[in-house]
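Residue numbers (our numbering), protein chains in the order written: chain A, 1 to 175; chain B, 1 to 153.
If you're looking for bench data, these hints aren't it; they were derived computationally from the structure. No residue lacks a Cβ here, since even glycine has one placed at the ideal position from N, Cα and C. Each hint should be verified, as a subset may be incorrect.
To be verified - Calculated pairs, PhoX-like style, for lysine-lysine (alpha carbon to alpha carbon, straight line, at most 20 Å): (1) B:61 - A:102; (2) A:145 - A:36; (3) A:56 - A:145; (4) B:81 - A:36; (5) A:165 - A:36; (6) A:90 - A:145.
Claimed, not checked - Some chain B residues flagged as far from chain A (calculated, every beta-carbon gap over 12 Å): (7) 87; (8) 91; (9) 92; (10) 129.
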Amino acid sequence: MNRFLLPLGIFIVLVVLLAVGLNLNPREVPSPLVGKPAPDFSVPQLDAPDKVFSPKEMLGQVWLFNVWASWCVSCREEHPVLVEYAKAGKLPALVGLDYKDKREDGLRWIKHFGNPYQLSAFDADGRVGINYGVYGVPETYLIDKAGVIRFKQIGPITPEVLEKKILPMVQELNK
Amino acid sequence: MKALFALLTAALLALSVQAKEAAPLAEDPAVEQRMVNIAEELRCLVCQNESLAGSQADLAKDLRREVRGLIKEGKTDTEVKDFLVSRYGDFVLYRPQVKPTTYVLWAGPFVLLIIGIAVLVNYLRRRSQLVKDVPLSAEERQRAASLLKDVQS
């Protein structure tokens with residue numbers, strides 16, 4: 001009996017390891033930026049090319065920084081959720097970053113699908129995205145009052161993510 | 001004959017025009033070479049099994065542009081890699097750095113190898129102890145000799 005116990009044990013450990021490995025999402029790479037100050041930048045706003053936006057303006061409040069683009073398919077899934085929660089007043093300050101987009105396409109998107117953002121910054125050449133380690137739009141950063149990134153959501157925000165992760169964290173950070 | 005000549009001239013002309021259309025080489029081959037050397041060591045996060053040098057993803061193109069820029073600014077290879085690691089994490093490196101979180105990764109295979117060798121040596125030793133060298137008695141020797149004789153005859 002003992003003879004089979006050890007191989008069986010090893011087999012079970014292997015199966016558990018493989019099962020865990022299969023269920024990890026390789027697209028979700030932990031960001032080294034969580035816990036670090038949000039990189040500074042200064043780019044024009046989407047709807048007002050003559051005005052610039054810089055994350056410094058948001059110091060002192062908890063806010064969400066949502067990277068989106070009109071060419072991004074998953075953003076279509078995410079956008080209604082943002083619009084709904086923003087309308088209900090449940091979201092903290094929400095700033096968008098229109099990433100590697102054409103201005104007219106971005107504006108048309110906002111007009112067509114609704115605007116949950118207090119403003120959108122416009123990142124034409126993707127440099128801001130690179131500084132934030134964006135590799136798959138949509139991505140969303142939760143930034144605290146001191147300008148430190150506290151959480152990064154890779155992929156679309158769902159009501160589950162909002163209710164279970166982001167909103168509780170916002171409440172905690174607002175204390 | 002004239003028609004043929006005209007045709008040939010036209011063909012040659014077309015060829016020379018095509019030759020002029022060949023894509024220009026990179027502005028600075030030295031920078032390009034260094035960029036490729038660095039990018040081959042880095043993972044493209046969009047197509048995770050491709051290197052940054054080989055990927056056609058939009059992000060990879062942008063990152064190659066950034067790497068080129070950094071090289072032109074006179075940054076060393078390590079500084080360029082640190083630039084990307086600080087934004088995208090250790091995952092971009094095909095060759096992970098040696099540090100406390102990666103000790104298991106680097107030492108693990110060797111530890112397993114040593115354990116394997118130890119188990120094997122132990123097993124072989126125990127097995128060799130099971131085989132005892134028992135000399136034949138005089139009687140058995142005789143029987144063996146007679147059996148061999150039977151076979152030969």
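Hint-by-hint comparison with the structure:
no. : hint         : in the structure
1   : B:61 - A:102 : holds, 18 Å
2   : A:145 - A:36 : holds, 13 Å
3   : A:56 - A:145 : holds, 10 Å
4   : B:81 - A:36  : holds, 19 Å
5   : A:165 - A:36 : holds, 19 Å
6   : A:90 - A:145 : holds, 18 Å
7   : 87           : violated, 4 Å
8   : 91           : violated, 5 Å
9   : 92           : violated, 9 Å
10  : 129          : holds, 19 Å
Violated hints, in rising order: 7, 8, 9; the structure is consistent with all others.
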